[in-house]
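Trainee: With the numbering used here, letter number 448 in the sequence shown gets 681, and the count goes up by one each step, no holes.
Worth flagging that the hints you see were computed from the coordinates, not collected in a lab. You can take every hint at face value.
Derived pair list, reagent style DSS-like, types lysine-lysine, alpha-carbon separation capped at 30 Å: (1) Lys530 / Lys346; (2) Lys498 / Lys374; (3) Lys490 / Lys579; (4) Lys404 / Lys346; (5) Lys600 / Lys468; (6) Lys490 / Lys360.
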Amino acid sequence: MEQKKFDFNSLLGFILIGGILIWMLYINQPTEEELQEKARTEAAAKEKAENEKTKEDITLSNAIADSASAVKDGDSLALDELKNKLGSFAYSGTLPSATDNITVFENDVLYLKVSNKGGYITEALLKNFTKYDSVPIYLIKNGNASLNLQFSAENRTLNTEELYFEPTLSKSGEDNVLSMKLKTSANGFIEYRYTLHPGEYMMDFAINSQGLDGVLSTSQPMYLDWSLKGYRHAKSISYENRYTRLTYEYENGKHSKLSPSGDDKEVEKDVTWMNFRQHFFSSMLLTDTPFKEVALKSENLVHDEEIDTVFTKQYDARMLLEPKNGGLSYNMNMYYGPSDYQIFKKYGRNLDEAMPLGWGIFGVINKYVIIPLFAFLTDFLPAGIAIIVLTILIKLLLSPVQYKQYLAQAKMKVLKPEMDAIKEKYKDNKLKIQQETMKLQNSAGASPLKGCLPALLQIPVFYALFTFFPSAFDLRQKRFLWADDLSSYDTIAELPFHIPFYGDHVSLFPILASIAIFIYMMMTTGQSMQQQQQPGMPNMKFLMYLSPLFMLVFFNNYASGLSLYYFISNLITIGIMLVIKNFIIDEEKIHAKIQVKKAQPKKQNKFQRKMAEMMEQAEEQKRASKR
234 MEQKKFDFNS LLGFILIGGI LIWMLYINQP TEEELQEKAR TEAAAKEKAE NEKTKEDITL
294 SNAIADSASA VKDGDSLALD ELKNKLGSFA YSGTLPSATD NITVFENDVL YLKVSNKGGY
354 ITEALLKNFT KYDSVPIYLI KNGNASLNLQ FSAENRTLNT EELYFEPTLS KSGEDNVLSM
414 KLKTSANGFI EYRYTLHPGE YMMDFAINSQ GLDGVLSTSQ PMYLDWSLKG YRHAKSISYE
474 NRYTRLTYEY ENGKHSKLSP SGDDKEVEKD VTWMNFRQHF FSSMLLTDTP FKEVALKSEN
534 LVHDEEIDTV FTKQYDARML LEPKNGGLSY NMNMYYGPSD YQIFKKYGRN LDEAMPLGWG
594 IFGVINKYVI IPLFAFLTDF LPAGIAIIVL TILIKLLLSP VQYKQYLAQA KMKVLKPEMD
654 AIKEKYKDNK LKIQQETMKL QNSAGASPLK GCLPALLQIP VFYALFTFFP SAFDLRQKRF
714 LWADDLSSYD TIAELPFHIP FYGDHVSLFP ILASIAIFIY MMMTTGQSMQ QQQQPGMPNM
774 KFLMYLSPLF MLVFFNNYAS GLSLYYFISN LITIGIMLVI KNFIIDEEKI HAKIQVKKAQ
834 PKKQNKFQRK MAEMMEQAEE QKRASKR
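With the hints as extra help, turn the sequences into a complete structure.
Mentor: Dropping the structure here:
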């Protein structure tokens with residue numbers, strides 16, 4: 234068989250062809266002006282289409298309203314026109330409710346306005362909360378939300394947002410009940426029924442129909458469209474937007490979410506709830522009968538935090554409804570209130586999955602350790618003091634792990650002179666240096682891995698806390714020292730300009746945390762930096778400066794409660810290390826124990842034997858190649 238040889242000419246040909254293709258793609262790429270013109274054209278086309286759709290909707294809505302008004306004035310021609318447009322639902326245009334009146338609907342925590350036109354909530358005020366600038370929290374206001382039922386009746390496609398409902402406000406025990414009926418006759422209607430309980434953010438919401446047999450078309454799909462444009466509530470809109478996200482439950486308990494940073498959409502089956510979350514506040518729709526199919530959409534509205542200062546995201550959900558027995562019957566719930574884990578947990582239904590608490594072990598630590606402990610502390614301590622006490626308790630809990638980590642580092646420090654001697658003896662043979670170093674470490678019972686493993690065990694706790702503090706509702710608008718709000722950044726100076734990634738202000742807690750991290754890394758990596766840098770190992774000096782710099786820049790806009798935690802945590806860590814070094818660990822005793830252990834016969838495990846064999850083989854191959 235002919236042996237295949239390396240063909241240099243073929244390789245050169247492929248390289249040349251590839252270079253030509255890349256060059257052709259480069260010279261043929263559109264210019265910046267062409268890209269801008271294309272973007273302008275697409276934007277203009279989109280705006281035109283939206284304007285035309287808006288004009289059509291306004292025209293139809295105005296025509297219905299004009300016809301309804303004329304009917305009330307006794308115009309029989311207007312009644313015929315209304316019947317042509319709405320069929321049986323023309324009856325709703327002849328009722329006194331066929332005006333843009335609103336019904337106030339409230340309890341001690343929620344103030345709601347429901348419009349006759351469309352029958353949905355047009356204003357939702359949370360009575361017990363204010364924004365960063367002391368303005369009341371409105372989740373719905375000035376047309377930023379809509380709820381529309383689209384259905385077919387008598388060969389017409391109708392939208393409830395264009396039709397008029399008749400309101401009836403009543404009491405059922407302590408509950409306030411609002412019935413909004415879209416009527417076709419005295420006994421035929423589609424009803425939106427809202428039931429508001431005392432002191433609750435969760436209300437009952439139902440869509441039912443009665444007496445519409447032969448009117449509603451069950452052969453055509455029915456959709457419930459719900460949309461919301463989220464208002465800004467926090468001091469930093471970019472930070473708030475990072476935790477503003479559409480989350481939902483589907484297919485018997487699965488949970489997912491749309492992108493927090495860009496535009497995203499998804500179509501899911503059997504959806505049981507969805508949350509239009511706005512960081513610390515939520516607008517939710519839950520259903521007892523899963524929606525067969527839901528098209529979910531999230532659009533990011535914050536592209537430049539200097540310009541986009543009012544809204545965070547646009548949410549849309551289009552739910553496919555399934556008629557039953559010729560009509561509609563859906564029992565649901567609506568929630569307008571805080572994104573608070575304790576409140577969500579009270580309602581059950583896996584609503585705690587709507588919280589950004591981390592996945593897997595991180596979420597478990599938050600749900601069963603951090604959140605209950607912090608809730609207990611804030612019952613009798615101010616929020617800032619509670620963070621400090623929480624940090625102390627966690628550091629004490631992890632102190633045995635940190636002791637093992639420092640002990641491993643101390644052993645490596647004691648072995649350093651012998652390791653340096655090995656490097657000097659075999660300075661021209663890196664493989665031999667590694668082989669002899671491993672033998673020394675194994676015989677002494679010391680290893681760099683023994684210092685890394687305890688550090689890895691602390692990562693789940695650190696990451697759990699990293700996800701906990703930004704989502705902790707108990708920190709919202711809680712003051713501590715110079716920080717006005719522990720859920721937002723603290724400010725000691727305002728800058729006259731905006732620095733990318735950093736912002737237009739200076740926060741003190743991230744500076745203190747950066748200094749503490751730098752001191753900690755000097756203590757832990759200083760010894761490593763004194764040793765010769767090994768090939769392939771990370772540059773410890775670079776890491777020592779990178780971590781504090783990262784904290785200083787990126788945490789300038791994060792919750793000051795999180796920076797406070799890192800500052801206190803690193804201070805405690807430094808203190809524990811100093812105590813261990815000066816009062817617990819005796820390096821002379823460690824050295825004596827190592828010498829005793831080195832003198833004892835050391836039995837290698839399977840992995841160590843395999844590594845030794847591999848190194849021996851590599852050494853033998855190296856000697857053979859020299860011969």
